[in-house]
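Q: Chains as they are written, first to last, in my numbering: chain A, 1 to 253; chain B, 1 to 94.
Among the hints, a few may not be true.
[Unchecked claim] Straight-line C-alpha distance at most 20 Å; calculated EDC-like pairs for lysine to aspartate or glutamate:
hint : chain 1 : residue 1 : chain 2 : residue 2
1    : A       : LYS132    : B       : GLU32
2    : A       : LYS158    : A       : GLU37
3    : A       : LYS208    : A       : ASP153
4    : A       : LYS132    : B       : GLU55
5    : A       : LYS208    : A       : GLU154
6    : A       : LYS129    : B       : ASP40
7    : A       : LYS132    : B       : GLU47
[Said to hold, decoys possible] Only some residues are given here: those of chain B computed to face chain A with a beta carbon under 8 Å:
hint : residue
8    : MET18
9    : HIS22
10   : LEU26
11   : HIS27
12   : ALA28
13   : ARG36
14   : ASP40
15   : ARG44
[Unchecked claim] So these bits of chain A aren't anywhere near chain B, every CB distance computed over 10 Å:
hint : residue
16   : ILE39
17   : VAL62
18   : TYR79
19   : ASN91
20   : ARG96
21   : ILE116
22   : ASP120
23   : ALA161
24   : PRO168
25   : ARG214
26   : GLY223
27   : GLY227
Think of the hints as simulated: they come from the structure by calculation, not from any bench.
Note that CB positions come from ideal geometry on N, CA and C, so glycine has one too.
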Amino acid sequence: MATDNALFEFLLRQGDNSLVLGHRLSEWCGMGPALEEDIALANTALDLIGQTRLWLSYAGEVEGAGRSEDDLAYLRDAYDFRNALLLEVPNEDFGRTILREFFFDAFQLPWLHALIDSADERVAEIAAKSAKEASYHLERSAETVIALGDGTDESNAKMTAALAYLWPFAGELMVDDEVDNAIAEAGVAPLPSTIKPAWNATINATFKEALLTRPDSDFAHAGGRNGFRHTEHLGHMLAQMQVLQRSHPGAAW
Amino acid sequence: MSREWPLWEVFIRGQHGMSHRHVGSLHAPDAERAIRNARDVYTRRNEGVSIWVVESKNITASSPSDKGPMFDPSRDKVYRHPTFYDIPDEVGKM
Numbered sequence: 001m002a003t004d005n006a007l008f009e010f011l012l013r014q015g016d017n018s019l020v021l022g023h024r025l026s027e028w029c030g031m032g033p034a035l036e037e038d039i040a041l042a043n044t045a046l047d048l049i050g051q052t053r054l055w056l057s058y059a060g061e062v063e064g065a066g067r068s069e070d071d072l073a074y075l076r077d078a079y080d081f082r083n084a085l086l087l088e089v090p091n092e093d094f095g096r097t098i099l100r101e102f103f104f105d106a107f108q109l110p111w112l113h114a115l116i117d118s119a120d121e122r123v124a125e126i127a128a129k130s131a132k133e134a135s136y137h138l139e140r141s142a143e144t145v146i147a148l149g150d151g152t153d154e155s156n157a158k159m160t161a162a163l164a165y166l167w168p169f170a171g172e173l174m175v176d177d178e179v180d181n182a183i184a185e186a187g188v189a190p191l192p193s194t195i196k197p198a199w200n201a202t203i204n205a206t207f208k209e210a211l212l213t214r215p216d217s218d219f220a221h222a223g224g225r226n227g228f229r230h231t232e233h234l235g236h237m238l239a240q241m242q243v244l245q246r247s248h249p250g251a252a253w
Numbered sequence: 001m002s003r004e005w006p007l008w009e010v011f012i013r014g015q016h017g018m019s020h021r022h023v024g025s026l027h028a029p030d031a032e033r034a035i036r037n038a039r040d041v042y043t044r045r046n047e048g049v050s051i052w053v054v055e056s057k058n059i060t061a062s063s064p065s066d067k068g069p070m071f072d073p074s075r076d077k078v079y080r081h082p083t084f085y086d087i088p089d090e091v092g093k094m
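Same shape as in the complex, but just chain B:
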């Protein structure tokens, strides 16, 4: 077994943020300690009101080599953006 602590990804919701954002990673022996370490490493300048941690190995990521088939087909489909509607003035800001 490795003597290194496992790696954790850290997500923080800021003072006015609506969602948690990925801020970086760190090492910790377990989830509780990961939260504490995240508090000390990533929120010491009053950045956050909530912390999530998840062990990095539990994140499934898309593969960079699949980039073409994954993302290129959506490039030329401008009609998928709702930009062709006239919005009545009474609606106000959307």
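This is chain A alone, in the form it adopts within the complex:
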């Protein structure tokens, strides 16, 4: 991987994470278990799509090939996406949706706080703006994980199943590679692995209250952040997300 496009790769990772999770959350629109949760999920999805616009428009400028945020979001194929695998797997049910969001939020909040000190001014600005939203997202998702884990036998069973499914996907967020090394050397961002202690602390404290047992494994699927091997689910998701621009290229409001 050439280091001269490390910044582009880095920005795609930021933008694709929020884009893919934002789209997954938007799938709940009109389907939420209660009106209040439905609106909260849609709000979160909109926050994430808003953050995506900032990351991807900057990515387009850095790439210098004339691609807009919309070109990057709607006209790339699955293997060009750089989101973590955790964010692309299907929602399945409300519990898994919330637990996935919680895993991401627990990473994203300390991550954005670290990016506020970035040597890259644009990155620092985007991080500062996004951190307030991420803070609310984490409060809400952590609280809901606790409510569901320490809820009824049925809700606890569903959270336990969601945990078993999602756990092997969570670690990828904090595994460093050569792009991360180049970006850290340039002072744009710390290594993702440095977020692990903060992430562990949030997960452990929340699980304790949620009566959930942290799995005894650190195995982490890889292949999303570098685009090497996405799950089969991303293509299906993109088919829905991109259909309008694919069928009517350039369609606008």
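Start from chain A and add chain B according to the hints.
A: Then chain B, alone, in the frame of chain A:
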């Protein structure tokens, strides 16, 4: 016990408002969650700077059937409005 979340009344103080105004109601399992739900349901277009919630069952309301005895007697007492005074110009706007 009911499996439904209890109902809460939501009051929001707007950007330039002096007092909280009733904006509607919602369901939530407890007061904390009611505040969060109110944030998501009622302030997503930048409507507020402060939120109050109160569980609906804690509001005591006047009864509609008492409307006559409660409110009619004050209708014909115009002298209770301070509209019969001449205000000196030096006072300015009141």
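Q: So, for every hint listed, does it hold in this structure?
A: These are the hints, each one checked on the structure:
{"no.": "1", "hint": "A:LYS132 - B:GLU32", "verdict": "19 Å, holds"}
{"no.": "2", "hint": "A:LYS158 - A:GLU37", "verdict": "18 Å, holds"}
{"no.": "3", "hint": "A:LYS208 - A:ASP153", "verdict": "16 Å, holds"}
{"no.": "4", "hint": "A:LYS132 - B:GLU55", "verdict": "29 Å, violated"}
{"no.": "5", "hint": "A:LYS208 - A:GLU154", "verdict": "18 Å, holds"}
{"no.": "6", "hint": "A:LYS129 - B:ASP40", "verdict": "18 Å, holds"}
{"no.": "7", "hint": "A:LYS132 - B:GLU47", "verdict": "18 Å, holds"}
{"no.": "8", "hint": "MET18", "verdict": "26 Å, violated"}
{"no.": "9", "hint": "HIS22", "verdict": "18 Å, violated"}
{"no.": "10", "hint": "LEU26", "verdict": "6 Å, holds"}
{"no.": "11", "hint": "HIS27", "verdict": "6 Å, holds"}
{"no.": "12", "hint": "ALA28", "verdict": "7 Å, holds"}
{"no.": "13", "hint": "ARG36", "verdict": "6 Å, holds"}
{"no.": "14", "hint": "ASP40", "verdict": "4 Å, holds"}
{"no.": "15", "hint": "ARG44", "verdict": "6 Å, holds"}
{"no.": "16", "hint": "ILE39", "verdict": "5 Å, violated"}
{"no.": "17", "hint": "VAL62", "verdict": "31 Å, holds"}
{"no.": "18", "hint": "TYR79", "verdict": "36 Å, holds"}
{"no.": "19", "hint": "ASN91", "verdict": "19 Å, holds"}
{"no.": "20", "hint": "ARG96", "verdict": "20 Å, holds"}
{"no.": "21", "hint": "ILE116", "verdict": "23 Å, holds"}
{"no.": "22", "hint": "ASP120", "verdict": "29 Å, holds"}
{"no.": "23", "hint": "ALA161", "verdict": "22 Å, holds"}
{"no.": "24", "hint": "PRO168", "verdict": "31 Å, holds"}
{"no.": "25", "hint": "ARG214", "verdict": "25 Å, holds"}
{"no.": "26", "hint": "GLY223", "verdict": "34 Å, holds"}
{"no.": "27", "hint": "GLY227", "verdict": "34 Å, holds"}
In summary, the structure is inconsistent with hints 4, 8, 9, 16 from the numbered list given earlier, while agreeing with the others.
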